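Novice: This is what each chain is made of:
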Amino acid sequence: MTETVGIVIVSHSSDIAKGTADMVRQMVGSEVKVAFCGGNPDGGLGTSVQLIIDAINAAWSPKGVAVLVDLGGAETNSEMAVEMLEPARRDLVVVCNAPIVEGAVMAATEAAGGSTLAQVKAVAEELSAD
Amino acid sequence: MLDRADGQIFTGNVRLVHAVGMHARPAVKLTKLAKKFQAQISVRVAGAPEWINAKSVAKIMAMRAAHGSTIEIKASGTDAEAAVAALVDLVASDFPDGAG
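Quick mapping for you: the protein sequence lines, in order, are chains A and B.
Per the working numbering, the first sequence starts with residue 4, numbered consecutively.
Per the working numbering, the second sequence starts with residue 269, numbered consecutively.
Check before you lean on any hint, since a few could be wrong.
If you only want the chain A side, here are some residues facing chain B, beta carbon under 8 Å, derived [what the hints assert, rightly or not]: (1) Val31; (2) Leu74; (3) Glu113; (4) Leu120.
Quick caveat, the hints were computed from the structure, so don't treat them as lab data.
Note that the structure is predicted; figures quoted are calculated from it, not measured.
Beta carbons: idealized from backbone N, C-alpha and C, even for Gly.
My request is simple: use the sequences and hints to build the entire structure.
Specialist: Written out as structure tokens, the structure reads:
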């Protein structure tokens, strides 16, 4: 099987993160690796840099990983997580400027066809283009 | 063979039998299947002014084809004929699980 870009979903809510990942798996299929994290380590709403790093590594692919986020802190913490990755991986992770559910489904659909990380990001961001 | 078929355009028409029309799941399946071909593939609801790139999931979802409408498919490129046949089959068979 050819490698596909991995998808990471980062929400403030673990329910939203898990539900979004479920939608991707059911709609797109299992050929794309999907990892998710949501909530802070105490079980409340929030995002955790360490959990985001773990999710990126879980979804890792040599073609890279596209991260979909919800609100404010999810984005800044995801950017921080990318900076804390081992150097060889940093340049192969992008945080997409896209709605989390729609972006994740479309990014995964594009990834399933074997597209590059740049193509996957562009498709996810098509929705916020205009 | 100097006379390659690259310039030839293949077309197909198929009725959308899916109960709720072209919603998210069928759109994902159609796009995934289209991406398996090298050919340039476009679709539209019959008579619509614009053709839509069949490999763009966002545009396919947005085309809002209704139940019972006819989808027109056209393709050009090396595997265009097979692409049209596969997409017609996908729509006609109501987007079975595992397809695409």
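Novice: Does each hint fit the structure? Answer for all of them.
Specialist: Going down the list of hints, with the structure as the test:
no.	hint	in the structure
1	Val31	holds, 6 Å
2	Leu74	violated, 22 Å
3	Glu113	holds, 7 Å
4	Leu120	violated, 16 Å
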